[in-house]
Amino acid sequence: MNNQESVLIIDDELPIRRLLEINLTANGFGVIQSSCGKDGITDAASHNPSLIILDLGLPDMDGITVLKNLREWFFKPVIVLSVRNSEEDIIEALDSGANDYLTKPFRSGELLARIRAAIRAGEKSENEPVINIRNLEIDFINHTLKKNRKIVKLTSTEFSLISLLAKNQGRVLTHQYLLKSVWGYSYIEHTQYLRVFIAQLRKKIEDDPAVPELLITESGIGYRFAE
Amino acid sequence: MRPIVVKSTRVRSFFKSGVRDYLIAVLIVAVTGFLCIPLSGASGYHVVSFILLFIVTILATFMGTGAVLMASTLSAVVWNFFFIPPQFTFHIDKTEDILIFGLFFIIALLNGVLTTRVRRQEKLAVEREERTNSLFGLTKELSKAGNLNEVLSVSVKQIEMNFNSESFFVLQDGNKALSRSSRLQLNKVLSPEDYQIAEWVFVNNLCAGKYTDNYSGNPMTFYPMSGSILSSGVLVVRHDFYLESDFISFWNTFITLISNALEREFLRELANKARFLDESDKLYKTLFNSISHEFRIPVATIMGAADSLISSPGDEKMSRELYAEIFTASLRLNRLIENLLNMSRLETGRISPRPDWHDVNDLLNKVSADLKEELKFYNLRIKISKNIPLVRIDFGLIEQAVYNVVYNSLQYSPHGSEILVKANYRNNFLVLSVEDNGPGFNEASLKNIFNKFYRTDVTKTGGLGLGLSIVKGFVEAHNGTVSAENRKTGGAKIKISIPSENPNINPKFISNE
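Residue numbers (this note's numbering), protein chains in the order written: chain A, 1 to 227; chain B, 1001 to 1513.
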């Protein structure tokens, strides 16, 4: 990172904040800490951090409320870091605008990777005509996908699905969001279709479809296009 | 079964006839005498004696002994006065007529008495049979009753049916004291006086209330329900009539049967409670022992390693190893907490799977990713049958179950050995199996391996003995089954089967572009 990126940590647990601070500082991030939701919102406004790490179990207000509040004016990435590990909690946080979700206890390496990915994704311009990811090249203008420079034949639904995931590379997109965006509202419950299409896509783009490395399943939550 | 209607006149009727019977007897004898007048005469009066004997016999078949005795006496008198010459006197001329008159009188008496006795015997026999049937019916109903409430409702119904009496039970509360509200009439709370009587009956094991020597002013009768081991409570009955002596033994047998059935249910409840207490006591002890032991080891590792790192930094190789130790110990702690949480979710019944369509590939990939660290030393092979459909499961729960099974296999397998995970779809069932090359299960383990806190004696890595019982809980929450067996080649095999319909995917939808 050239200009120092700053991360705001909103968490009431001092040991967690300290651990994050040590890790982030060692990796070149500036760190701002808040121990409650109210302070967190104020700090986000005054420091304009590059990314926020948000805990859900805050003493003064619920993390989801903080997240919704932030999302009215804060458009940089927010990563939720919580002990709440149920699928509903994760989906709720993602639907409320979180870019990513990690459960405690977490691995520092994993968290750092997610932070970097989120910041990078935020810097990417939304309207790039062509995206290159590993050995793939996705051309949004001509609606083509190339693997190892060879065109892979995709149906139009397959293409919209992979474009959506690729444009949000690194970010978990929930089943509902994908179904709604690609198929429309009436298909929001039909996860089986989504699964079938993902399986088809994997066969076409993954080196080993059984052990996917590009289209990552976030169990019970959604899919993520790998970094 | 015909209900036996008990009336106070019923038993007495064998000995005393009603006034009506006497009147009818007199009338019939008089009418017969009158109708026989044309037969009076030198030769006819013998015939009249037969007619009168016949009438007395008929009367004996439906009248009480008293009336029959009176009818026979009256007919003897009528025959003597109106028919035996000289007529209209009690005087008898001929010696043979005196003899015939004497015999007539005796035959009439015997006839009447014997006939009523036969009738009475027959009636008693029928009644006895009815009572036996009633008792038999009660026994049958009581033995069919599966719990306390059923015993109570059967009893109340049977008392109503056989004795026309309303009844209810006041039972003990399980601590050898009488409970304040009556059972089966839950809206009804005993009045303080009634409760006092019930308590007295319960303590003294004697009857009280109406028709008894104690508290006889009360409109209800209270019977103690006492068995050989414990008293279950008090039966309260509203009798409309007095139970006669031969009937009381029937009643007593009846309530003894009920009392025994109640005792049986109470003892069963006590046994269950005792077993539960015993189990929870054992559970508590095991939990305490294992938790303190299981938690201490990783905590000790972390403390020791961190301490070394703080006090003597420098040696990079050693530091690396210590860091790795800390990391492994924390993983172990995390797994312990996860298992305890899952167990408590299962115990409190807060597991309700929310199934959705999932790809078995994703499931097994997630398991192997989560076990990446542990699997470094093993050779994990995943075999998923071709064309396996999507399955409808709660991903989180089944992932945890498979994780636990694989993790369990790792604990018993030699480093470098193969762990084989297979996934099939057969007859609408998803079948997942995990096979290892460890020592396999011994006989005792095969039976208990899915029980809470069960640990085989070859356990080398500790653990709470919760892993596989959680597997069972999660799989059963999906209406699935889990089983353990030994492989023919040695090693253990655990199989999970979960019902899952074939997903109904419209091919038109897939190809519709």
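Be careful, since some hints might not be right.
Not everything, but these chain B residues come out facing chain A in the computed CB check (under 10 Å) [what the hints assert, rightly or not]: (1) R1296; (2) V1299; (3) A1329; (4) S1330.
If the Cβ cut is set under 10 Å, some of the chain A residues that face chain B in the computed set are [said to hold, decoys possible]: (5) T25; (6) R107; (7) T174; (8) H175; (9) T191; (10) R195; (11) R202; (12) A210; (13) G220.
No lab work stands behind these hints: they were computed from the structure.
No residue lacks a Cβ here, since even glycine has one placed at the ideal position from N, Cα and C.
Tell me the hint numbers this structure goes against, listed in increasing order.
Violated hints (numbers, rising): 1, 2, 3, 5, 7; every other hint is consistent with the structure.
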